[in-house]
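Listed in order, the protein sequences are those of chains A and B. Per my numbering, residue 1 is the first one in the first sequence, and the count goes up by one each step. Per my numbering, residue 1 is the first one in the second sequence, and the count goes up by one each step.
By construction, these hints were calculated from the structure, which means they are not laboratory data. Watch out, some of these pointers could steer you wrong.
Treat identical chains as interchangeable: a pair holds within one or across any two.
Cut-off 20 angstroms, straight-line C-alpha distance, at most; resulting in silico cross-link-like pairs (DMTMM-like, lysine to aspartate or glutamate) [unchecked claim]:
| # | residue 1 | residue 2 |
| --- | --- | --- |
| 1 | Lys83 | Asp302 |
| 2 | Lys73 | Glu298 |
| 3 | Lys323 | Asp111 |
| 4 | Lys52 | Asp306 |
| 5 | Lys83 | Asp53 |
| 6 | Lys380 | Glu124 |
| 7 | Lys382 | Asp111 |
| 8 | Lys83 | Asp306 |
| 9 | Lys323 | Glu77 |
| 10 | Lys159 | Asp241 |
| 11 | Lys242 | Glu21 |
| 12 | Lys323 | Asp121 |
| 13 | Lys178 | Asp111 |
| 14 | Lys242 | Glu124 |
| 15 | Lys83 | Asp182 |
| 16 | Lys83 | Glu298 |
| 17 | Lys159 | Asp362 |
| 18 | Lys369 | Glu253 |
| 19 | Lys382 | Asp121 |
| 20 | Lys83 | Glu130 |
| 21 | Lys176 | Glu196 |
One-letter residues, chain by chain:
Number of protein chains: 2
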Amino acid sequence: MNLSGFRLLQICPVGGARAGELITPHGMVPTPVFLPVGSQGTVKTLTPAEVKDIGFRMVLANTYHLYLRPGIKVVAEMGGLHKFMAWHGAILTDSGGYQVFSLAPLRKVNDGGVTFRSHIDGSEHFITPESIIHFQEALGADIVMVLDECTAYGDSLEKVRQAMARTHRWAERCRKAKKSDDQSLYAIVQGGMYPELRRQSAGYLTSLDFAGYAIGGLSVGEPKEVTLAMVEETVPLLPGDKPRYLMGVGSPEDIVEGVSRGIDIFDSALPTRVARNGALFTGQGRRNISNAVFRRMESPFDPECDCYTCRNFSAAYLHHLFKSGELLALRLATIHNLSFISRLMGEIRSAIMNGTFSTFRDNFLANYKPTDEQARVSQKQKWLESRNRVD
Amino acid sequence: MNLSGFRLLQICPVGGARAGELITPHGMVPTPVFLPVGSQGTVKTLTPAEVKDIGFRMVLANTYHLYLRPGIKVVAEMGGLHKFMAWHGAILTDSGGYQVFSLAPLRKVNDGGVTFRSHIDGSEHFITPESIIHFQEALGADIVMVLDECTAYGDSLEKVRQAMARTHRWAERCRKAKKSDDQSLYAIVQGGMYPELRRQSAGYLTSLDFAGYAIGGLSVGEPKEVTLAMVEETVPLLPGDKPRYLMGVGSPEDIVEGVSRGIDIFDSALPTRVARNGALFTGQGRRNISNAVFRRMESPFDPECDCYTCRNFSAAYLHHLFKSGELLALRLATIHNLSFISRLMGEIRSAIMNGTFSTFRDNFLANYKPTDEQARVSQKQKWLESRNRVD
Numbered sequence: 001m002n003l004s005g006f007r008l009l010q011i012c013p014v015g016g017a018r019a020g021e022l023i024t025p026h027g028m029v030p031t032p033v034f035l036p037v038g039s040q041g042t043v044k045t046l047t048p049a050e051v052k053d054i055g056f057r058m059v060l061a062n063t064y065h066l067y068l069r070p071g072i073k074v075v076a077e078m079g080g081l082h083k084f085m086a087w088h089g090a091i092l093t094d095s096g097g098y099q100v101f102s103l104a105p106l107r108k109v110n111d112g113g114v115t116f117r118s119h120i121d122g123s124e125h126f127i128t129p130e131s132i133i134h135f136q137e138a139l140g141a142d143i144v145m146v147l148d149e150c151t152a153y154g155d156s157l158e159k160v161r162q163a164m165a166r167t168h169r170w171a172e173r174c175r176k177a178k179k180s181d182d183q184s185l186y187a188i189v190q191g192g193m194y195p196e197l198r199r200q201s202a203g204y205l206t207s208l209d210f211a212g213y214a215i216g217g218l219s220v221g222e223p224k225e226v227t228l229a230m231v232e233e234t235v236p237l238l239p240g241d242k243p244r245y246l247m248g249v250g251s252p253e254d255i256v257e258g259v260s261r262g263i264d265i266f267d268s269a270l271p272t273r274v275a276r277n278g279a280l281f282t283g284q285g286r287r288n289i290s291n292a293v294f295r296r297m298e299s300p301f302d303p304e305c306d307c308y309t310c311r312n313f314s315a316a317y318l319h320h321l322f323k324s325g326e327l328l329a330l331r332l333a334t335i336h337n338l339s340f341i342s343r344l345m346g347e348i349r350s351a352i353m354n355g356t357f358s359t360f361r362d363n364f365l366a367n368y369k370p371t372d373e374q375a376r377v378s379q380k381q382k383w384l385e386s387r388n389r390v391d
Numbered sequence: 001m002n003l004s005g006f007r008l009l010q011i012c013p014v015g016g017a018r019a020g021e022l023i024t025p026h027g028m029v030p031t032p033v034f035l036p037v038g039s040q041g042t043v044k045t046l047t048p049a050e051v052k053d054i055g056f057r058m059v060l061a062n063t064y065h066l067y068l069r070p071g072i073k074v075v076a077e078m079g080g081l082h083k084f085m086a087w088h089g090a091i092l093t094d095s096g097g098y099q100v101f102s103l104a105p106l107r108k109v110n111d112g113g114v115t116f117r118s119h120i121d122g123s124e125h126f127i128t129p130e131s132i133i134h135f136q137e138a139l140g141a142d143i144v145m146v147l148d149e150c151t152a153y154g155d156s157l158e159k160v161r162q163a164m165a166r167t168h169r170w171a172e173r174c175r176k177a178k179k180s181d182d183q184s185l186y187a188i189v190q191g192g193m194y195p196e197l198r199r200q201s202a203g204y205l206t207s208l209d210f211a212g213y214a215i216g217g218l219s220v221g222e223p224k225e226v227t228l229a230m231v232e233e234t235v236p237l238l239p240g241d242k243p244r245y246l247m248g249v250g251s252p253e254d255i256v257e258g259v260s261r262g263i264d265i266f267d268s269a270l271p272t273r274v275a276r277n278g279a280l281f282t283g284q285g286r287r288n289i290s291n292a293v294f295r296r297m298e299s300p301f302d303p304e305c306d307c308y309t310c311r312n313f314s315a316a317y318l319h320h321l322f323k324s325g326e327l328l329a330l331r332l333a334t335i336h337n338l339s340f341i342s343r344l345m346g347e348i349r350s351a352i353m354n355g356t357f358s359t360f361r362d363n364f365l366a367n368y369k370p371t372d373e374q375a376r377v378s379q380k381q382k383w384l385e386s387r388n389r390v391d
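Excised from the complex, chain A in its bound form:
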């Protein structure tokens, strides 16, 4: 019996939004799906039971982070990542390519692999496409990713082309290095913001026959139109029967836009990160709970929300917890935002199955006011510069 795979159940005739099922050794995952980010083996502030209760069946963890701390060997000795983090659903591990290129100071890349220094203690490390696959096999993730070379927004055509070519050579080596049949290996399409490179990358990787295809190197500070344009260049060249994963994208409006362009899988730290800053999702956009308007609001933050936070606490109490710097604030806000996303994914999927997705999308986007684009890009830039670890 094949424990891995993807089954398409419905495709919208206009646009190509899809509903399907990912089959993994740790259960079936309905798509489109959003993966909460648990880089260090924990979705920040929550227990695995809470993540499951919110409705998630798959989470993302990060090979770079777990390699540096606690170490791949420790996780393997403790019985693998599922047992270590006590998460019995599916896990997708990112290879850590993005983290090596965005977090590690002093890195040197050549065709063999990457030498880099740890952002934690400065120690020197060397990883290869092969070692990254072996790490992910030792972690025991259900879906694993190739090692890719990531470029920054604004890099030149020539620089991006070279990184893409290396990503292609590494993808092939990852495929050969993979030993386990329990894990699905996904390739990562690169090519920066250059349409012709995106097309080349999709064409080349498709020829190698991976279990799924990710679109990497986006949501790195570019305007939203550019992100979507790159998705539109890439998706038509990917095989229709394989899952498509748009990496690092996860604001509500971007998820809806991505689904309507044929994306099946999303991940992003955005819902949990902005929650910890007090920015909570509503059907009309994000609102900050620290705003004085909530100080005496006896009703829940969102009376229509059925999440644990809104069922049990007033907006005034949540406001008070944030103003007082209480740790419970971060949990309750995280639960709210992840519940919003979980519910959104369920609504998207139902709409696709019922043939009403384009109406759903139009209504959602008409009501949901995204964070001002200029503010968004500058926030993202600030975050990229200031962080000392990805979450």
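Fit chain B to the supplied structure of chain A, relying on the hints for placement.
Below, chain B alone, put in the same frame as chain A:
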């Protein structure tokens, strides 16, 4: 029907350890009892449901903190403190006397009351014994405390005597100011480290007939023998049929020692505060989960513990969460320490009821190795100096 009161069920013939029941408008609370500290209306990191599941039926909140933020009026408008923090068990509010004297910069005391500046924003405030009672009535706590003037460890006999005398005058005013019948008002015995003042204070306050008697002004940096000596001076002078509350005491060994001297109620931020520093209770003493010995420990931190943390996670995972600065670490450690204390209180009570308390105490103290006294005093001193808010 009287919804408030205290019923004694058993007294040990040697030493005087007692088991009883506090009757409150929000349910019966078995004694001896430890109150988890939720100064700002939340037991740090936990939901009310978690606090209840651990086994607690009463928590402590702080009038000083809630007065400054979100404001007594806001809590009252939101339906009172129980509803505001969604805690349906009993609540004891401290008057905030200790916080005014230990946290607020620039305070002036006279017989009328205290003028002080907020440690949050520097704003000036004036409180009186009467206003503190009205605040606690507006919060709706089940047990409320008089306003007391607190002194520091090392203060002179004369200084402590004057503060004690003022505490007595204020206690009488608090009694007169109290309007609600739903709330039990406890007096606070002061007198610093001076046995003769402790005796005077207990004698005077007992003559006024309060619903319960607290021993305040201890656990402020003095050696443990002094704390216990002051308890021994005070307890025999308190009425046998009223509950006795040793404020700010809550290490496992101090609770056992306090119970064996006739104390019924304890509160302390220690179990939750040290948890957030990674110091977890075991039957043999505290151990720090960040210690390298736990890095590869596949078993739970304490295999004999039945708390949520030890039932679900390996010591290695908890170690990893602490080393990685993950917020879930603080929750899981808090759950473990509060579960340890909750279980300890249950065992103490059973032992008293069964007439085996002195054996239980001897066994417990023989196994439990307290934190080195010198380290303890210096840690406490550092914490008293460094904190900018009490928790």
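Item to check | Non-conforming hints, listed in increasing numerical order | outcome: Hint check: 3, 6, 7, 10, 14, 17, 19, 20 and 21 fail, others pass.
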